[in-house]
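Number of protein chains: 2
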Amino acid sequence: MKKLINEQLQEILTQYEPSKVLESASYSLLAPGKRVRPLLMLALIKDYGHDPYLGTDAALALELIQTYSIVHDDLPAMDDDDYRRGQLSNHKVFGEANAVLAGSALLTAAFETLVSSTYNNDIKVKLVELFSRQAGLNGMILGQSIDLELENKEAESLDLILKMYDLKTGCLLATALETAAILVNKESDRETLRSIGYKCGRAFQIQDDVFDATKETEELGKTTGSDVDNKKVTALDFLSIDEANELVASLYQEIRNELQVLNLNNSEIYNMIEYLMNRQT
Amino acid sequence: MKKLINEQLQEILTQYEPSKVLESASYSLLAPGKRVRPLLMLALIKDYGHDPYLGTDAALALELIQTYSIVHDDLPAMDDDDYRRGQLSNHKVFGEANAVLAGSALLTAAFETLVSSTYNNDIKVKLVELFSRQAGLNGMILGQSIDLELENKEAESLDLILKMYDLKTGCLLATALETAAILVNKESDRETLRSIGYKCGRAFQIQDDVFDATKETEELGKTTGSDVDNKKVTALDFLSIDEANELVASLYQEIRNELQVLNLNNSEIYNMIEYLMNRQT
Numbered sequence: 001m002k003k004l005i006n007e008q009l010q011e012i013l014t015q016y017e018p019s020k021v022l023e024s025a026s027y028s029l030l031a032p033g034k035r036v037r038p039l040l041m042l043a044l045i046k047d048y049g050h051d052p053y054l055g056t057d058a059a060l061a062l063e064l065i066q067t068y069s070i071v072h073d074d075l076p077a078m079d080d081d082d083y084r085r086g087q088l089s090n091h092k093v094f095g096e097a098n099a100v101l102a103g104s105a106l107l108t109a110a111f112e113t114l115v116s117s118t119y120n121n122d123i124k125v126k127l128v129e130l131f132s133r134q135a136g137l138n139g140m141i142l143g144q145s146i147d148l149e150l151e152n153k154e155a156e157s158l159d160l161i162l163k164m165y166d167l168k169t170g171c172l173l174a175t176a177l178e179t180a181a182i183l184v185n186k187e188s189d190r191e192t193l194r195s196i197g198y199k200c201g202r203a204f205q206i207q208d209d210v211f212d213a214t215k216e217t218e219e220l221g222k223t224t225g226s227d228v229d230n231k232k233v234t235a236l237d238f239l240s241i242d243e244a245n246e247l248v249a250s251l252y253q254e255i256r257n258e259l260q261v262l263n264l265n266n267s268e269i270y271n272m273i274e275y276l277m278n279r280q281t
Numbered sequence: 282m283k284k285l286i287n288e289q290l291q292e293i294l295t296q297y298e299p300s301k302v303l304e305s306a307s308y309s310l311l312a313p314g315k316r317v318r319p320l321l322m323l324a325l326i327k328d329y330g331h332d333p334y335l336g337t338d339a340a341l342a343l344e345l346i347q348t349y350s351i352v353h354d355d356l357p358a359m360d361d362d363d364y365r366r367g368q369l370s371n372h373k374v375f376g377e378a379n380a381v382l383a384g385s386a387l388l389t390a391a392f393e394t395l396v397s398s399t400y401n402n403d404i405k406v407k408l409v410e411l412f413s414r415q416a417g418l419n420g421m422i423l424g425q426s427i428d429l430e431l432e433n434k435e436a437e438s439l440d441l442i443l444k445m446y447d448l449k450t451g452c453l454l455a456t457a458l459e460t461a462a463i464l465v466n467k468e469s470d471r472e473t474l475r476s477i478g479y480k481c482g483r484a485f486q487i488q489d490d491v492f493d494a495t496k497e498t499e500e501l502g503k504t505t506g507s508d509v510d511n512k513k514v515t516a517l518d519f520l521s522i523d524e525a526n527e528l529v530a531s532l533y534q535e536i537r538n539e540l541q542v543l544n545l546n547n548s549e550i551y552n553m554i555e556y557l558m559n560r561q562t
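If you're matching them up, the sequences are chains C and S in order.
Mapping of the first sequence onto this note's numbering: residues 1 to 281, in sequence order.
Mapping of the second sequence onto this note's numbering: residues 282 to 562, in sequence order.
In isolation and in its complexed conformation, chain C is listed as follows:
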């Protein structure tokens, strides 16, 4: 499925006139990402007993949004990261102006992709509603805003850090899972799936904090120690590494329990979450 996603992402880009910004957007979109969100979405569709290909267009839109957030997040004015997905970050190669435009272009292309899909209009509208809400001022952007406000400040509370993680990372993971429910017409599962998505986001971010504090740049494919360099507040301001690992384990356990409540035919999602639970980078 990952190969299909990569091929389709490349295909999407062929509809655009060549430009420096297109080059810049392609550079980050086609970098070797893990494609976690698209793969979670497709796995869940399969677990619902449907053909995962049903999710392709929505999965591409999600990866477009994820890549936009990465390109902007790495900018000098933001996290100022030099490496991403094992290569130089976008602005290091194309300059800040192109990186700003490429990010916005990817965000715009996500909505373009959703409405030029083969889904019917009711589904298209539901998806644009979901994506714009989760990526917007009450979602991912709010998480980024909290992140900025906490920079160079004393940590206030673990709760605020966790809220930030839910918003920054959980929102798009929830989008991945809720999209699957929309596509297979399981509206009643959306609330549970949203909760699972937020918990995954929280767990991912705490895992990243631990990696950032303990691993080498080469191993992760992005700059490490950057949270400390940026004087970023993280969950590790409140938790020891052991406590953080325990919190991650308990979040994954809650996720497993919530997944069991859903009436799923397969265990693809379960296996992916096991894989993410055990990841070392």
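Be a bit skeptical, because a hint or two may be false.
[Said to hold, decoys possible] Lysine-lysine pairs mimicking DSSO-like chemistry, simulated, CA-CA at most 30 Å apart:
{"#": "1", "chain 1": "S", "residue 1": "K301", "chain 2": "C", "residue 2": "K126"}
{"#": "2", "chain 1": "S", "residue 1": "K301", "chain 2": "C", "residue 2": "K92"}
{"#": "3", "chain 1": "S", "residue 1": "K467", "chain 2": "C", "residue 2": "K92"}
{"#": "4", "chain 1": "C", "residue 1": "K163", "chain 2": "S", "residue 2": "K301"}
{"#": "5", "chain 1": "C", "residue 1": "K232", "chain 2": "S", "residue 2": "K373"}
[Unchecked claim] Derived CB-CB ranges, DEER-like:
{"#": "6", "chain 1": "C", "residue 1": "Y270", "chain 2": "S", "residue 2": "E304", "range": "36 to 44 Å"}
{"#": "7", "chain 1": "S", "residue 1": "A436", "chain 2": "C", "residue 2": "Y53", "range": "42 to 50 Å"}
{"#": "8", "chain 1": "S", "residue 1": "Q289", "chain 2": "C", "residue 2": "P18", "range": "35 to 43 Å"}
{"#": "9", "chain 1": "C", "residue 1": "T214", "chain 2": "S", "residue 2": "Q289", "range": "44 to 52 Å"}
{"#": "10", "chain 1": "S", "residue 1": "L439", "chain 2": "C", "residue 2": "S188", "range": "34 to 42 Å"}
{"#": "11", "chain 1": "S", "residue 1": "Y551", "chain 2": "C", "residue 2": "D122", "range": "47 to 55 Å"}
{"#": "12", "chain 1": "C", "residue 1": "S117", "chain 2": "S", "residue 2": "S476", "range": "23 to 31 Å"}
{"#": "13", "chain 1": "S", "residue 1": "S531", "chain 2": "C", "residue 2": "N121", "range": "49 to 57 Å"}
The hints are simulated quantities; they were obtained by calculation from the structure and are not laboratory data.
Since this is a predicted model, take the numbers as computed values, not measurements.
Note that beta-carbon positions come from the ideal geometry of N, C-alpha and C, so glycine has one too.
Please build the complex by placing chain S on the supplied structure of chain C, with the hints as guidance.
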């Protein structure tokens, strides 16, 4: 109508949780803009014999996109402008990071506004298609990309400059006019309206070049001479001020002629174009 637009823009922002980025987005969105695109859209709806209120939600979405493009365009990495709409530009007040996020937030909110409108789903989908195409990698962003590539370069040709103007400014004006046609179900007028939109964009930009070369900062409410400071290529690299003014006049004449082909009941659009034609800032 302008008062209504301003009130409704303020209303939209109340649905979001308070944050620094929301403050930053509000600052630029509620600044005293001319609201040209929304007003053109509503004028055309009226000329079609419909209630202009029909266009409110789409007009708000358009102003959200216009404001996003301004906030990002003023960034130090882009045009590096200190003033906009008679006040300090966004990043001068809130910093670069917040300005980047606020721009993306406004863009996302535009799509959120379109799909949470009261239009039916077929219209919502048509509008998201139109807005995302015109703002994207074959539209406004492509114009910005050409603009960046021309910076610090010898001017290549007037045609390339005019193509850039069509994309940078014409795309959203065409969106304003085509949206009116979508809302009153005049699909067959869309091509003519698109052409008028591009011509308006071209004319606006050449007028701005002339203002930038001849007026004081105070009068325009934004930094002047900045095109020269940034070593920007403009139409004035190929045209004298007189030739530029003549080109603007002939574009407006073509626009008037094309408008007459449409079967309009009123002359609101005609009057607005007269007003824009005679603007001095």
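Status of the hints after comparison with the structure:
1. Only pairs whose Cα atoms come within 30 Å are accepted, and K301(S) paired with K126(C) is accepted, the gap being roughly 28 Å.
2. Proposed proximity of K301(S) and K92(C) is supported: the alpha carbons are some 27 Å apart, at most 30 Å.
3. For the hint linking K467(S) to K92(C), the alpha-carbon distance of about 47 Å lies beyond 30 Å, and the restraint is violated.
4. The suggested pairing of K163(C) with K301(S) holds, with an alpha-carbon distance near 16 Å, which does not exceed 30 Å.
5. Straight-line distance between C-alpha atoms of K232(C) and K373(S) comes to about 23 Å, which keeps the hinted pair within the 30 Å bound.
6. As the Cβ distance of Y270(C) to E304(S) is approximately 42 Å, the hint placing it in 36 to 44 Å holds.
7. Distance hint check for A436(S) and Y53(C): the Cβ-Cβ separation is about 49 Å, which falls inside the suggested range of 42 to 50 Å.
8. The beta-carbon spacing between Q289(S) and P18(C), approximately 39 Å, falls within the hinted interval of 35 to 43 Å.
9. Here the CB-CB span from T214(C) to Q289(S) is close to 51 Å, well matched to the stated 44 to 52 Å.
10. Taking 34 to 42 Å as the suggested C-beta distance range, the pair L439(S) and S188(C) does not conform, at roughly 60 Å.
11. Y551(S) and D122(C) have their C-beta atoms about 39 Å apart, which leaves the hinted 47 to 55 Å range violated.
12. A beta carbon spacing of about 29 Å between S117(C) and S476(S) agrees with the range 23 to 31 Å that was offered as a hint.
13. Range check, S531(S) to N121(C): Cβ separation about 42 Å, and the 49 to 57 Å hint is violated.
Comparing the model with each earlier hint shows violations of hints 3, 10, 11, 13; every other hint is respected.
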